[in-house]
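Asks: Generate coordinates for the entire structure from the input sequences, incorporating the hints supplied.
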Amino acid sequence: MDTASPARLRFAPSPTGYLHIGGLRTALFNWLYARHVGGTFILRIEDTDRERSTPEAIDAILDGMRWCGLDWDEGPYYQTERRDLYVAAVERLLAAGRAYYCTCTPETLEAYRKQALAEGRRPMYPGTCRGRTSRPAAPHAVRFVAPQTGVTTVDDLVKGPVTFENAELDDLVILRSDGWPTYNFAVVVDDADMRITHVVRGDDHLANTPRQIAIYEALGLPLPRFGHVSMIMGPDRQKLSKRHGATAVTEYREMGYLPEALDNYLVRLGWSHGDQEIFSLEEMVRLFDFSGVGKSAAVFNPEKLLWVNHQWMKRADTARLARLLVPHLERRGYRVEVDPWLLRVVESLKERSKTLVEMADFGAFYFKTRIEYEPRAAEKHLTPEVLEPLGELTAGLEWTAAAGRFDAQAVEEAFQAVLGPRGMKLGALAQPVRVALTGTTISPGIFEVIETLGPERTLARLREAIAFIEERRGAGRA
RNA sequence: GGCCCCAUCGUCUAGCGGCCUAGGACAUCGCCCUCUCACGGCGAAGACACGGGUUCGAUUCCCGUUGGGGCUACCA
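Note that this note's numbering has the first sequence beginning at 1, numbered continuously upward.
Calculated from the structure, these hints are not laboratory results. Please read all numbers here as calculations on a predicted model, not as lab measurements. Among the hints, erroneous ones may be present.
Claimed, not checked - In the BS3-like style, the derived pairs of lysine-lysine whose C-alpha atoms are separated by at most 30 Å in a straight line are:
(1) Lys380 - Lys354
(2) Lys304 - Lys159
(3) Lys239 - Lys304
(4) Lys239 - Lys159
(5) Lys114 - Lys239
(6) Lys239 - Lys295
(7) Lys368 - Lys295
(8) Lys314 - Lys304
(9) Lys159 - Lys368
(10) Lys242 - Lys295
(11) Lys380 - Lys425
(12) Lys242 - Lys354
(13) Lys242 - Lys304
(14) Lys354 - Lys368
(15) Lys159 - Lys242
(16) Lys314 - Lys368
(17) Lys314 - Lys354
(18) Lys304 - Lys354
(19) Lys380 - Lys368
(20) Lys354 - Lys239
Replies: So this is what it looks like as structure tokens:
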């Protein structure tokens with residue numbers, strides 16, 4: 001028995017560029033609702049604009065969606081493979097007198113529009129070809145006979161009821177002179193054919209909805225529910241675009257973001273559930289509903305995304321993080337593989353890294369064969385005064401290593417053995433050691449670093465630092 | 001220009017007539033924790049765009065103004 005919900009939703013991007021943040025959020029909302037009600041999620045590629053559509057863009061869309069965990073149950077369907085369907089629908093409209101051939105050239109149309117605008121009139125199609133029912137020999141498009149009276153009300157899932165005057169509707173072109181359908185027509189034919197029950201999309205399509213409803217009605221097709229989600233904008237309150245920095249979802253992967261973090265951040269842009277900020281995909285699916293979707297547009301805030309990512313980095317499974325970190329390390333020239341040692345490294349880093357990129361940069365010292373000291377750090381901490389304690393610590397750690405235990409606890413004891421008798425504070429020794437081991441004054445806890453580094457690397461680096469100080473002292477005397 | 005949508009801290013938002021001297025989160029600024037950096041804890045600052053109504057009572061409902069956005073293509 002089929003107990004699944006009959007709800008069918010779709011994401012229908014046009015492959016004219018990379019998959020951007022706004023598109024991904026639309027996809028996410030569709031996917032979440034479909035999963036929430038146990039319905040079907042369909043992917044459809046709207047590639048009828050053959051000038052601007054590219055195979056690379058299609059790959060980018062599929063890739064981005066997979067990365068974010070938005071799996072589809074049907075498709076991808078391609079509109080360029082469904083042309084017969086649109087043409088057949090056009091024929092039906094033509095036969096029913098709900099469409100007509102139009103031979104007006106783009107030039108005359110453009111001239112007319114300009115004139116209308118200049119005179120302060122509405123730039124609508126003048127209806128020159130209305131009623132032309134026989135196929136012209138000249139190049140022609142097909143126009144839809146739009147209703148001229150009455151109103152159309154869209155009972156929107158997020159905006160509520162929105163009413164439009166049908167007199168505002170234009171006789172729009174449904175079939176271009178190149179034989180391909182236009183957007184407003186193809187969506188209707190496809191959504192109906194695919195039995196879409198909820199059309200959820202950006203609210204830049206709200207004004208298109210009455211035009212589409214008119215087509216549904218002319219074709220005698222049942223109406224789906226519509227839901228128009230507000231858009232995502234840049235800090236300048238303009239539609240998000242390349243100007244605003246990274247907007248392609250794959251860029252976020254390269255910048256070291258986790259897909260669950262991007263999903264989490266995006267779902268909170270326009271949707272909320274009380275005061276909760278962190279949601280797993282599973283939680284979103286359980287909680288998502290249109291009643292929680294807001295009406296107003298939201299400004300994309302990279303800083304909050306960074307924070308959300310940090311939250312997910314801390315929660316992430318260490319082995320998975322290690323696997324994801326590898327390419328970032330390789331990009332920096334470190335040959336590593338996922339082994340227990342890398343796991344330890346990641347473990348020491350995950351709490352304090354906001355992104356994988358940050359983790360790779362911050363943890364690079366673990367992998368370096370030679371430590372370069374930051375000049376200021378060396379200046380301040382690798383001084384002759386610490387030569388003796390450093391030497392003593394090195395000896396102590398050698399002993400610790402020889403004893404076969406090199407854990408944080410044993411390391412700390414070695415430190416105390418140096419510190420205690422001298423009445424030194426931990427910081428006075430920890431910082432020089434930190435510079436010796438990492439080259440900088442910033443790192444995870446020093447005992448943890450030493451334990452992770454292991455005796456061999458630790459002792460080599462300490463000796464090198466001692467040599468460095470001695471050499472510099474010698475140079476100073478000369 | 002016309003039509004449509006939107007309007008709570010800088011940003012994301014809670015609020016669905018009295019619980020609001022408006023709550024949370026990011027960012028900012030203090031303090032605490034502390035071997036550095038983070039994390040964490042505590043605290044500060046910070047908003048209902050404006051004007052009319054409706055109501056015993058409006059952030060919440062209605063109208064207008066203002067501001068922002070979208071559509072107005074043989075792009076999607």
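Asks: Which numbered hints are broken by the structure, listed smallest first?
Replies: 7, 9
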